[in-house]
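Asker: Take a look at the letters that make up each chain.
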Amino acid sequence: MSILTRLVLVMLACASLSLMANISKAAAHNHQPSHQAMQSEKEQISPCKGVEIICAKTVTSVFAPNGDLWRLWALHSSLYFQISTNNGATFSVITRVAIDKEKISARNENRPKIAFDKYQGVYLSWVTPKEKKYTADVRFSYSSDYGNTFTKPITVNDDNLLTGHSFNEMLVTDEGDISIVWLDSRLAYQLRLQGKKTNGSALYLGKANYRTNKINFSNEQLANNTCVCCRIAINYNNHGELAIFWRHIYGDNIREFALLTLAQGESTQPTPYQISYDHWKINGCPHQGGAISINDNNHYHMVWFNQGDVGKGIFYASSNDQGKSLTKPISVGVQSAQAAHPHMNTNGNNIDIVWTQFTGTEHELWHQRSTDNGKSFTKAILIATALNGSDRPFIINKDSKSYVSWHRPKQEHLVQVL
Amino acid sequence: MSFFKKLSCGIFICVLVGTSSSYAESIAFNKAQLATLKTQNMGKQWLMLLWSVDCPPCFKELAIIQKLQRQHSDLAVVIINTDANDEIENERKDIIEKFELTDFRNFHFVDGQGDQSRFFIDPTWYGELPRSYFIESSGKSHGKSGLVNQSLLTQWLVN
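First to last, the sequence lines map onto chains A and B.
Residue numbering for the first sequence follows numbering that gives the first Met the number 0, starting at 0 and increasing by one per position.
Residue numbering for the second sequence follows numbering that gives the first Met the number 0, starting at 0 and increasing by one per position.
Just chain A, same shape as in the assembly:
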């Protein structure tokens, strides 16, 4: 018998014994299908190895004050950006943000953020996961020279605890006043140490200004018992006050949206207004945050998604008193077609809303506009489709025009005027 034949015999014996072991195990778990049948199904898609934007799961786009469109993404523990001087028609070469590599959360509701001042300042904020599951820090880096160099990243949350700090959002004023909000688990961490039960995270605000050398971020708790896995939405009102819109936990795991406006110079914490009353009771993760846009008349416009007993789908409503009272929410998109992930922008009386739907095979990007401050909306229009997954769509603003930014992984990052 040749060595080759012997080797084949050994392999056959091995395969048959392995198969017997599998059959034996399958019999013990005969509710499960054949292991071999399962193994014959292999993943067809291999991981993307490059740093091109199509390899990214998420993209963040913002227009700089000079009109340049920046897009930012994370891959392989680095941040990359490109700049377009023609509203996204073409982009500069890819630039890696020159900071040390570190893990960056960039999927679904979590993604890096970018903002600008009017003095060539570029501001980056992201979340870096830590060694223990569900622990992370909010990070920050600043460029005073329009992205040529960046400061050594710092951690924004100041508790030095190995716990959750995530879902960061950032806005920066023309003068460089930075506001970063995030979901923070320091309180839950401390309560757990005391053997107390907790539910949800806390909403935190950090402020700094690198132009005036206020480089240590303040850390202020704004609310407690927030949902732990939905993005936050923020915007300035026309008094320069920060409005924050997030998914809160009311009562026994009722997940509704809440709104808070931070009055200038106010020392006491205002009580948030409850915005949605859809009664979505879930001790889990909706993974669907909302969006807020405030127009020149200080009219607050909001969109959100819920799957409650009372309300299901995407809803739009507005408020002329910072959320104290609200218009009757109207439904957006086709709920039975999986309408989800809404985002919005306002310009005067014009309101643009985008969202995604899903056909079972294709993702669809939809758009609807109101030209009368939300009293009525045009018929929804299908803008684009995606086959390999869909990032959340966002509307960005330039010169009183809305542009939609929709990243389609392994396909294309779409930027289009609405």
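Since the hints were made in silico from the structure, they are not lab data.
Treat each hint with caution, since some may be false.
[As the list claims (entries may be wrong)] No farther apart than 30 Å at their CA atoms in a straight line, the calculated lysine-lysine pairs in the BS3-like style are these:
id : chain 1 : residue 1 : chain 2 : residue 2
1  : A       : K129      : B       : K97
2  : B       : K143      : A       : K311
3  : A       : K196      : B       : K92
4  : A       : K129      : B       : K92
5  : B       : K59       : A       : K132
6  : A       : K280      : A       : K132
Guided by the hints, dock chain B onto chain A, whose structure is given.
Answerer: Structure of chain B alone, referenced to chain A:
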């Protein structure tokens, strides 16, 4: 090395491979597998549990399954990770091991095909997690979003 030594060495290695956690490897999920699971489980009551590495409450439900499996073994549970992201493969494996889920059939949604997979399981489900499907012996399925408490899981899985 003699032929017999080689043979016994080979058999020893393959016994180790064959009898150690046969279900340790998560398998890419597709529509045919869902149909197979449903067919093979006709006549029994079972649970299909969907989870993500980005869902803290999912871990609580996985921990309950771990606890029940330790107490009762051979629970009729199929576990499916919904991240649809090749980048989390190691995290997924760590969690499956941490919660001792390798005795169960583990699947995962294919990268970029998360919504497609979700849709063929249940077009009325929007991806909120954890998601538990209680499937009757007749094949009739009841989906529930959010953490399911231990008593309900015990009642369903332990007869």
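Asker: All the hints need checking, so say for each whether the structure fits it.
Answerer: Status of each hint after checking the structure:
| no. | hint | result |
| --- | --- | --- |
| 1 | A:K129 <-> B:K97 | holds (17 Å) |
| 2 | B:K143 <-> A:K311 | holds (15 Å) |
| 3 | A:K196 <-> B:K92 | holds (29 Å) |
| 4 | A:K129 <-> B:K92 | holds (18 Å) |
| 5 | B:K59 <-> A:K132 | holds (13 Å) |
| 6 | A:K280 <-> A:K132 | holds (25 Å) |
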